[in-house]
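2 protein chains.
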Amino acid sequence: MYVSTNGTIKLKVPEGSNGVVVKNLYLSCDPYMRNLMKKPITENDDMESIDNPIIGFGVAKVLDSGHPSFKKGDLVWGNTKWEEYSLITNSQFLFKIQHTNVPLSYYTGILGMPGLTAYVGFYEICSPKRGENVFISAASGAVGQLVGQFAKLLGCYVVGSAGSKEKVDLLKNKFKFDEAFNYKEESDLDATLKRYFPEGIDIYFENVGGKMLDAVLLNMRAHGRIAGCGMISQYNLDKPEGVHNLMHLIYKRVRMEGFVVTDYFNLYPKFLEFILPHIAEGKIVYVEDIAEGLESGPSALIGLFSGLNVGKQVVLVARE
Amino acid sequence: MYVSTNGTIKLKVPEGSNGVVVKNLYLSCDPYMRNLMKKPITENDDMESIDNPIIGFGVAKVLDSGHPSFKKGDLVWGNTKWEEYSLITNSQFLFKIQHTNVPLSYYTGILGMPGLTAYVGFYEICSPKRGENVFISAASGAVGQLVGQFAKLLGCYVVGSAGSKEKVDLLKNKFKFDEAFNYKEESDLDATLKRYFPEGIDIYFENVGGKMLDAVLLNMRAHGRIAGCGMISQYNLDKPEGVHNLMHLIYKRVRMEGFVVTDYFNLYPKFLEFILPHIAEGKIVYVEDIAEGLESGPSALIGLFSGLNVGKQVVLVARE
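Residue numbers (the UniProt record's numbering), protein chains in the order written: chain L, 1 to 320; chain E, 1 to 320.
With the rest of the complex left out, here is chain L (with noise of 0.2 Å):
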């Protein structure tokens, strides 16, 4: 990979190899990323190792190139490592970025990895209909956000929680939430969610798990959804809190689904047409919050799992 002439080091990619040699702009801090610093659920799952770097979505210029999609010069989203030069030589979800009107770094989130989780996860997964009630927990972060918006444009009632009032403000003001809640400043959730959903809820978009999810699933109304996306309240502890109320799931016949989004990347060629339109039209907004520097970015990682980011966290790592 690395060859020198002149006292300069110049990143190749090996002889005979498919690989692509990047050098990586932005870096993606994603809450699923902790639990692949655990033992494998899966035997399938990449999982971290002490003496590697983290893997983890990201964006990045291409240095030199072995495979016959990319080329140098070429910027692109993907998987890819913290670090500053990364050779990637599994390219299954690395993807060309042809739309460079936009901030490069929202190839981290809204049009990325979250962006499309967001899309799957609402439009596929919760089988929303217009006028719905839907609630979103961990609602201002880089999928919740956009949840709320989509469920907004098809005319749902939509509400959040969040950890903080400058999420809770984020989400009334700047995403159009119908109602937003601090949890932290709810005694008893069950409570809380009655307030907002006298009702019920149609759509739960799961974000946290735990408490939250116990409580909403006495919220329930029949024949009521819930995507589990993530559950990010869980991800540091030994052992997962209960779930008590389950038999909610029968008494008002709720589909309760888990997905992760590499299983529809097929799709992101049209989630791009649904969403760029939107984002030049400013009918969905976007907000992220970006640390500076490499050297920041295990703080910025270990900051979602404490609520510290206000929007996606991203990690700036080099301006092109």
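Errors might be hidden in some of the hints.
Identical copies go unnamed one by one, so any copy, or any two together, can satisfy a pair.
Pairs of lysine to any residue residues, derived as SDA-like cross-links and limited to a Cα-Cα distance of at most 25 Å, are as follows [said to hold, decoys possible]:
id	residue 1	residue 2
1	K270	T192
2	K174	V102
3	K39	H223
4	K38	D263
5	K39	R221
6	K211	I232
7	K39	Y196
8	K283	A300
9	K71	K81
10	K239	V287
11	K129	V260
12	K129	I54
13	K10	Y157
14	K211	E241
15	K194	K211
16	K38	T192
17	K39	T192
18	K239	R253
19	K194	M47
Source of the hints: derived by calculation from the structure; they are not laboratory data.
Put chain E on the given structure of chain L with help from the hints.
Below, chain E without anything else, positioned relative to chain L:
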């Protein structure tokens, strides 16, 4: 309702009513009845009250009818009450029995509500495919024994759990499950399931909840389905047990869906068409546990919750 002539009592429908007066023959003991003895979960629930007979499903003979669909002498099954004679004023769930070349008690089980429950739960909710791995809890019960047989008909690998050696033998020898185990003799349900499902579970038919569900979640396969039919282990608890492994719904992309059979009574004629030939040909068998006399009803009902019944629990009130 009561007209006395010459010292005899005649049971008649009140003038102008479209009710039906019946003589109860068989009463059905079903786990859901326990929940109607708690405080209502939804406003529409028809709850039990202390000064009225228990409501439930049963088989009865019409003595008098103000309803155009029923006439004196008809045999019916559906919602009735735990008493010798009942006036049924809500005939939404009352069905005329057309086929009498089967034991009448079957209309409390395989040909009644539990049969339809097994049918819609398996075929509509589980989306089963030939060769899939199916696990059923409370597998020798009114519903479970049928789900297992349906799954075998489809060419699935089928394992059931039950609470005694007698029931395990029934599952393997009478219902032809591939495997069965006594959950009371297993100290580590996760390890037990890994033994029977080294490649994981595609379909879990959930009848018990709690610890069994938690162990199943650890053993679901990617894109698996869980049909939430009941959670009998939880009905007598003041606070249901916590279920800790729900994150596996996400990791494995599992759909868990609760259902209530009353939403599917429109499928009853289709179900009968399916099941009657299978019974006639001996391809589906059914085991009942019949308690004699209305006075044996309470202990028969209570026995469900410690698994005293072997097969579908029925109470014989009167022979025609």
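Status of the hints after comparison with the structure:
Taking the closest pair of Cα atoms, K270 and T192 never come within 25 Å of each other, the shortest separation being 37 Å inside a single copy and 44 Å across copies. For the identical chains of this complex, K174 and V102 are intra-copy neighbours only, at 19 Å inside a copy versus 66 Å across copies, given an alpha-carbon limit of 25 Å. In this assembly of identical chains, K39 and H223 lie within 25 Å of each other by CA distance solely across copies; the values are 21 Å between and 36 Å within a copy. Proximity of K38 to D263 under the C-alpha cut-off of 25 Å is restricted to the intra-copy arrangement: shortest distance 22 Å within a copy versus 42 Å between copies.
Proximity of K39 and R221 under a CA criterion of 25 Å is satisfied inter-copy only: 18 Å between copies versus 37 Å inside one chain copy. Taking identical chains as interchangeable, the C-alpha atoms of K211 and I232 lie at most 25 Å apart whether they share a chain (12 Å) or sit on different chains (23 Å). For the identical chains of this complex, K39 and Y196 are inter-copy neighbours only, at 23 Å across copies versus 39 Å inside a copy, given an alpha-carbon limit of 25 Å. For the homomeric pair K283 and A300, neither the shortest alpha-carbon distance inside one copy (29 Å) nor that between copies (62 Å) is at most 25 Å.
Only within a single protomer do K71 and K81 lie at most 25 Å apart by alpha-carbon distance; the minimum there is 19 Å, versus 76 Å between protomers. When the C-alpha separation of K239 and V287 is checked against a cutoff of 25 Å, the pair qualifies neither within a copy, at 32 Å, nor between copies, at 41 Å. Proximity of K129 to V260 under the C-alpha cut-off of 25 Å is found in both arrangements, the shortest distances being 22 Å within a copy and 22 Å between copies. Proximity of K129 to I54 under the C-alpha cut-off of 25 Å is found in neither arrangement, the shortest distances being 40 Å within a copy and 39 Å between copies.
In this assembly of identical chains, the alpha carbons of K10 and Y157 never lie at most 25 Å apart, being 55 Å within a copy and 57 Å across copies at closest. With identical chains, the CA atoms of K211 and E241 are at most 25 Å apart both within one copy (8 Å) and between copies (14 Å). In this homomeric assembly, K194 and K211 come within 25 Å of each other (Cα to Cα) only inside a single copy, at 15 Å, whereas the closest approach across copies is 29 Å. With identical chains, the CA atoms of K38 and T192 are at most 25 Å apart between copies only, with a shortest distance of 24 Å across copies and 34 Å within one.
Proximity of K39 to T192 under the C-alpha cut-off of 25 Å is restricted to the inter-copy arrangement: shortest distance 21 Å between copies versus 36 Å within a copy. With identical chains, the CA atoms of K239 and R253 are at most 25 Å apart between copies only, with a shortest distance of 21 Å across copies and 28 Å within one. In this assembly of identical chains, the alpha carbons of K194 and M47 lie at most 25 Å apart only when taken from different copies (22 Å versus 40 Å within one copy).
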